[in-house]
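Enquirer: Given next are the chains, with one letter for each unit.
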Amino acid sequence: MPVIETKDLTYTYGEGTPFCKTAVDHVNLSIEKGELIGLIGHTGSGKSTLIQQLNGLLRPTSGKVLLNGRDIWAQPKKIRAVRFQVGMVFQYPEYQLFEETVLKDIAFGPGNMGLSAAEVERRAREAAELVGLSEQLLERSPFELSGGEKRRAAIAGVIAMDPDVLILDEPTAGLDPRGRDVLLSQIMSYHKVRGNTVILVSHSMEDIARIADRVLVMNSGRVEMFDTAEKVFSRDGELEKIGLRVPEITKIMAMLKSRGWPVATALTLEQAVRQLIPLLKKGAHHG
Amino acid sequence: MVRDIALGQYFPGKSIIHRLDPRVKIALTFVYIVFIFIASNFQSLGIMVALVFGILLFSGVPLKLYFKSLKAILFVVIFTSVLNLFYGGGTTLVRLFGFMEITTGGVINAVFITIRIVSLILFSSVLTFTTSPTELTDALERLMKPLKVLHVKVHEIAMMMTIALRFVPTLLEETDKIMSAQKARGADMESGGFMQRVKALIPILIPLFVSSFRRAYDLAMAMECRCYHGGEGRTKMKVLHAAPRDAAALAFTGFLCAAVVFCAVWFPPALS
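Respectively, the protein sequence lines represent chains A and B.
At the far end of the first sequence sits residue 287, using the numbering used here, and the numbering has no gaps.
At the far end of the second sequence sits residue 559, using the numbering used here, and the numbering has no gaps.
These are computed hints drawn from the structure, not numbers from a lab.
C-beta: ideal position from N, C-alpha, C; glycine also.
Keep in mind that a hint or two might mislead.
[Claimed, not checked] Not everything, but these chain A residues come out facing chain B in the computed CB check (under 7 Å):
#1 Arg83
#2 Phe108
#3 Gly109
#4 Asn112
[Stated by the list, open to error] Facing chain B, a subset of chain A residues (Cβ under 7 Å, in silico):
#5 Arg80
#6 Phe84
#7 Met88
#8 Phe90
#9 Phe98
Bound conformation, chain B alone:
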């Protein structure tokens, strides 16, 4: 039920992708996002798709989990691709209601956008499946360090993210428990109209809020007891070190990006 959310969950493992430096993984994810939009024809897009599938296989995470995270965004994919069917030039294929036209360009647009979104989700799933939340925020903190010049509270932001991520499973479990307890008192969450269903949430949300605040106070107290006072002068127990494999990953991606740019320029664009 509530636990079926696969998006953004860590799957422990020892694959090469798992062992990459998290900073490199985050940077590569950004590079991927940029290049998936640079890829403007099927040749260049093919390279990007091949890359993401190669990484999926190397990640050692069961493919079932990737499908699960895709399922979560299925609606978004269908919605955007259907919408795209109606935008684009080319010859008209079908005419609906007199004014809506599905064109060849629209179909290509729809296919393109679907491939783009799916690859994006798959790539970022690789990041979250193979990187533990702590590594992730650690790397983010390190990557955002230059922003300190602009007085951005980098450490505090990273700490908040760590805590938020840490408490997602805890709160889910808590929600499950409270739901069971209220169901045991005859709360009916499965039937009734919209307003009734919203009302049925009150007995769950209030206890959840109360316990979240209690947890927050307890956590703040526990952190203070261990002399936490923010990021000033704080050192790391596990300092991130880039290894040769990280350089290799960067070089390989660099090579593919060059290939994508080459294909995008050499072959005619598929999008109108």
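Same shape as in the complex, but just chain A:
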């Protein structure tokens, strides 16, 4: 059974006014447990509106969100429980930190779940370890941390709720190249260790190509494509038409192929290198 499903999900901003705009338009999705989904789309394509409906922060204008087969709005009073199951990390999540210590801040989410104090602390420490925050940082004020550490503390605050689905909106935005690499590999290892579903929104096609099992492409509120990364990124013409692009290396390989080189699609530099080195050694050339 899919962990998250949407049925004709539609969201209209300012309904009934002349300014109304349909941000998400009859979206039907089905995401299996344990998948790592990459979500891409041009600015204003409805990505943020879509993900905010998945954890009940926005209530759909029409249509349904099913979590483990159940409509999340069946009992509106219990919507908080849904938010614990579908963890959401917003863009620049470090701006939500507020507690005296990092540990207390990470514990805010699980603390709201009504768990015992010991369990809350255990979860908070475990989450901190997952994102690589050292013990001595946990007693410091969150405002003393570096930018990258704050970001990781904020992400830990959501992971600590142990959600079935973790949604991250542009988690690497504004980090330096090393920070992004570290964070991405932490997300991958979290995904591996917990075996939970992860939905990653990103503008970096390279990041998406590197880690996503399947890629969901949104365009003006609709699902344009939803397929494996390889298949999605082989449709570079269509992607460019809706303001997106494919990873640089994928493009280079496609160009080589169109010039007659015997190469297949590559999503990462490693994949490309593996294909190109033998070719170069053989000196194979179409002449």
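Use these hints to put chain B onto chain A, whose structure you have.
Expert: Only chain B this time, still in chain A's reference frame:
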């Protein structure tokens, strides 16, 4: 939710009211405030009400927006008019609890005060709906210039107002974002007793404060980088010019004010 605050929002347009000199609009607003209190009977008040409704129609701003700004002060209007019911002479209409009396004078008082407050709000809404915040502070700076003699930092005050107004929508948006983020972590803002609700605000207010300070530092830095050093010797890119229509607006208002004074004197006062 937080965005529904209509009071004090600019609604861009090209109506005659929009194009009036902001200084004239501010001055006329003050004149209106003074004359709505000079109007002491229904005849003179009628002129003031007719004036404000005429301007509403000319402003080209959807009437719905005006109702929204009235809704924001509905409580104040009801409170003051109910209070006024019990003050005033004349014959007693209803007696409550033995000592509170609603009198004919009280009813007239209540009607009067309601009309006065509503007209005031409508008139000042016209000002804020049809004048952009920059125009508004520009005009205020110009109008307050004489105070410089008294060493009032006119330019600095105007600049602070501009910045404050500029950041209202930004901070509202920020508040929305932080609220969503904390809700996503299970923050519960809709239930619980008073103390619990106040406590629930902490996770929102602290990040909001922190980011406001950060914004203030960034803005100060950005302004300094562009050589901002206060009002001394600073010129304007858009200098305000009064046009014939401004003179016409002043003359027309002057005429109406004279009519209000005439009515207030000629007809018997409605208030006791």
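Enquirer: Each hint: holds or not?
Expert: Now the hints, each set against the structure:
Of the supplied interface hints, the one on A/Arg83 holds, with its beta-carbon coming within about 6 Å of a beta-carbon of chain B, less than 7 Å. This hint holds: A/Phe108 has a C-beta 6 Å from the nearest C-beta of chain B, less than the 7 Å allowed. Satisfaction of the interface hint for A/Gly109 is found here, the shortest Cβ-Cβ separation to chain B being roughly 4 Å, below the 7 Å cut-off. Checking A/Asn112 against chain B: minimum C-beta separation of about 3 Å stays under 7 Å; hint holds.
For A/Arg80, the shortest C-beta to C-beta distance to chain B is roughly 6 Å, which falls under 7 Å, so the interface hint holds. Checking A/Phe84 against chain B: minimum C-beta separation of about 6 Å stays under 7 Å; hint holds. This hint holds: A/Met88 has a C-beta 4 Å from the nearest C-beta of chain B, less than the 7 Å allowed. Against a cut-off of 7 Å between C-beta atoms, the interface hint on A/Phe90 holds, since the closest Cβ of chain B lies about 5 Å away.
Of the supplied interface hints, the one on A/Phe98 holds, with its beta-carbon coming within about 4 Å of a beta-carbon of chain B, less than 7 Å.
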